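Chains A, B, C and D, in that order, give the protein sequences.
Start counting the first sequence at 1; every next residue gets the next number (my numbering).
Start counting the second sequence at 1; every next residue gets the next number (my numbering).
Start counting the third sequence at 1; every next residue gets the next number (my numbering).
Start counting the fourth sequence at 1; every next residue gets the next number (my numbering).
Because the hints were derived from the structure by calculation, they are not lab data.
All figures in this text were calculated on a predicted structure; none of them were measured in a lab.
Certain hints may be false.
No distinction is drawn between identical chains; accordingly, a pair holds when it is met within one copy or between any pair of copies.
Stated by the list, open to error - Okay, derived cross-link-like pairs now, BS3-like style, lysine-lysine, Cα gap no bigger than 25 Å in a straight line:
(1) K160 - K170
(2) K160 - K145
(3) K145 - K228
(4) K228 - K2
4 protein chains.
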Amino acid sequence: MKKIRVGIFGFGKTGKVIANEFLNDSQFALTWVVRKGYADHHKYASRLLGYEFDAGKIFSIEDVDNDFFRERPVDALVDFSDSSGVYLYKKAAEAGISIVSAISKYEQEEIDLIKSLAKYNRVLYSPNITLGINVLMVAAQILQKIAPHADIEIVEEHFKGKREVSGTAKRIANLLGLNEEEHLNSIRVGGIVGRHEIIFGMPNQTIRLQHESINRAAFGQGAIFAVKCLIGQPPGLYTMETIIAEMFRQNIPVY
Amino acid sequence: MKKIRVGIFGFGKTGKVIANEFLNDSQFALTWVVRKGYADHHKYASRLLGYEFDAGKIFSIEDVDNDFFRERPVDALVDFSDSSGVYLYKKAAEAGISIVSAISKYEQEEIDLIKSLAKYNRVLYSPNITLGINVLMVAAQILQKIAPHADIEIVEEHFKGKREVSGTAKRIANLLGLNEEEHLNSIRVGGIVGRHEIIFGMPNQTIRLQHESINRAAFGQGAIFAVKCLIGQPPGLYTMETIIAEMFRQNIPVY
Amino acid sequence: MKKIRVGIFGFGKTGKVIANEFLNDSQFALTWVVRKGYADHHKYASRLLGYEFDAGKIFSIEDVDNDFFRERPVDALVDFSDSSGVYLYKKAAEAGISIVSAISKYEQEEIDLIKSLAKYNRVLYSPNITLGINVLMVAAQILQKIAPHADIEIVEEHFKGKREVSGTAKRIANLLGLNEEEHLNSIRVGGIVGRHEIIFGMPNQTIRLQHESINRAAFGQGAIFAVKCLIGQPPGLYTMETIIAEMFRQNIPVY
Amino acid sequence: MKKIRVGIFGFGKTGKVIANEFLNDSQFALTWVVRKGYADHHKYASRLLGYEFDAGKIFSIEDVDNDFFRERPVDALVDFSDSSGVYLYKKAAEAGISIVSAISKYEQEEIDLIKSLAKYNRVLYSPNITLGINVLMVAAQILQKIAPHADIEIVEEHFKGKREVSGTAKRIANLLGLNEEEHLNSIRVGGIVGRHEIIFGMPNQTIRLQHESINRAAFGQGAIFAVKCLIGQPPGLYTMETIIAEMFRQNIPVY
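Extracted from the complex, chain A is given alone in its bound form (with noise of 0.2 Å):
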């Protein structure tokens, strides 16, 4: 089988994580890695996470000009970087390389600049693109329909460093129409990593949706599930949300 070859914009601590989850499995060719700067420039993203063959050959983005989406073809370019990554995404789109974007933070420009895109081209756009959160994103809007006078409380749970309330957390308020203020609670201790639980009480019984995080692979096991699920798509606008919201239509059990 013909592997799908992906490119990256981003090799810092998470861009790493995610080269790695990339050369990990065996459906992938890791092109190569554009990050900022000419640190390791050159050289195999591959050699500098202990693989013994070259892969994921690193470049500056100084180095991406007109040609460099046609002269290094890959069927998808993700996006762990940063916002200023956007602007590349017209040469790559031309090119007919889909987009997968996780950066957490975009302006209104930006976003713009993005749906244009989508227009003629696959563009994914997620800010939590971990398979998990969306799963539980959807399966509490659902359950919100479900049982409409269910009190909701949302509680997150991050290591003490993380000052920001969870963007995640924050969404699912949204989506839920909660008032963040009064239904989101973080929590700030030590070094978890992440989890999310969805409260919902009822008088005589609770249902709790959590979800944890264990390390940032999940991040790059996102991008692989997003990457794949964009094959034999047509162009357009995706979300990991509307995706799995389609996975849950796919899949309602019949009896």
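Since chain A is already given, all that's left is putting chains B, C and D on it; use the hints.
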């Protein structure tokens, strides 16, 4: 608005709780209660449960002759007695009464009888009629399809005196194709009313679906939910699982 | 063995549960119940709670004159009424009766009164008399000393209708020197009876101490435990916390 | 302040994490590391782990002759290798070095050897050296004494690949006198690092003591804690359990 008239089979510990839930809900009128023996014969369930009005006149199962259901018409019959009640369903069905059975175990012959009635009447049969448990069952089946490589374990916790493994947990194991011996864990301690947890373990993340029962009134609320769902439906055999699965389908979020 | 004679102040929702626990325990004889007003005056609490014997004759608080406690001697007075009961403690104390108060809130003046009685009599005062909650409180204080760098958060979950923050959670925060605004999280959903969790987060591990109330009978069991603990003790002011702390000391494992 | 000098046995997956924790802690100086074979011989563990200074020179176990410990003096030897390391303890003990062994399993003969050294030196042996697990063990034993009628169950959760039952969970069962077959439940799913829960079920309340490992660095922190505890102590055989039990005793809250 016209009230929904209900008759109940069973007035034991659970039956009383069920009657109480219907008495408490202004959308319903509890017309009668049928129980074994002649205890509190012709008294009102409402009075025995502390209400200041007459509702739910108590009859013996011996009173249920060919005219019983026609003379005391209800919209739905709710059965929390035992498997022997099934033999009176035919008379009720012929009087056009919807049937909701929450009996935990039937013989094959009894199930066949229920199926035969479902040809011309609405019959809902669910050994676990709690809303939340059925939400768990449906969500777990979908999740298994979305994350087919996840390892799944079921943990059920109940009070020390409960001898057998939870029928609900066995049903979940069965729906997910899990070997009960290997993947179903039973905790028996103190006075825990009932807790079911389904753990989906992936390499980098864990999802937990959890349901806790606070008290038996959850069964009554499930019955209320079931009776309402049957209104306006065509004849057929329903279960809470099929109803909840259908509600999942109708409530997939649209973005 | 001679039974321990008990009198109860209070016959409301909680008071009835307390009475029931004492009636159920063969080590105790429920001698009388004192309540406000004249409802069920001179009836037996035992009969009202469904027992087939006479125990716990019901008196009005107006009946408690100077001779009441001498004429109806008990070993312990258990108070689940309200703060006004405290003004009858002196008469009881002078009759040599041990006092167990589970009143949730006293004014300073009332606390002073309790302290004055403790000089010559056994008086136990605990706003939360549940065994498990006090175990949590003591264990949390020790754990904080053993792991002084751990981050600590408290989560308390209760039914939607409970307006104020859990007094128990506030007490825990206070014992641990935690700012309530910052480290105490209150979840209000559905019908949760009561759950307290203390989370100790360290960089590489997390410890959780969790207590769940199943029903109010836990208060009755706490009172039974308290009355037994006071037997044979010298006069003084006791709390469940001091008793449990002492039990911790006596039960440190020896290897 | 003078740094505490430490030598480590073992430089496998766990050994490296342990070395890293000591290198990260300014109170300690990592003097040497002894490992099997000659890989990275005479290199510095610090450099291999990414530090910019020389510490933890690597030796082969073959290098440990009669003069090794006198020529490279340390305050404590920390052993995360395997049971064979025990045969070098005598030489270390004779050089006045405190010994901390975290080996998971010893033969009786090896335990006897350790005991003989404890007559004239400080020796700490704990198969599970994590602070939190030992806190759980001690707290559980006390709680069992305080609530002797509580039903107790142990649940341990680990990654799918872990074949055997958790040794820690077996130790807890043993300390509490619980039959492993009946009361110890093992969950094996995905990538869970390690979670132990002890459930105390009483008729009206449930207490849960829970410990979650986030990563292996918890072992290193346990070793750091152990080395510090041994300073200034008389010769003898110590375990983390005895140390934590003693810390419980010294930190019982006083009101």
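Verification of the hints:
no.	hint	in the structure
1	K160 - K170	both (18 Å within a copy, 22 Å between copies)
2	K160 - K145	between (34 Å within a copy, 19 Å between copies)
3	K145 - K228	between (30 Å within a copy, 16 Å between copies)
4	K228 - K2	within (13 Å within a copy, 54 Å between copies)
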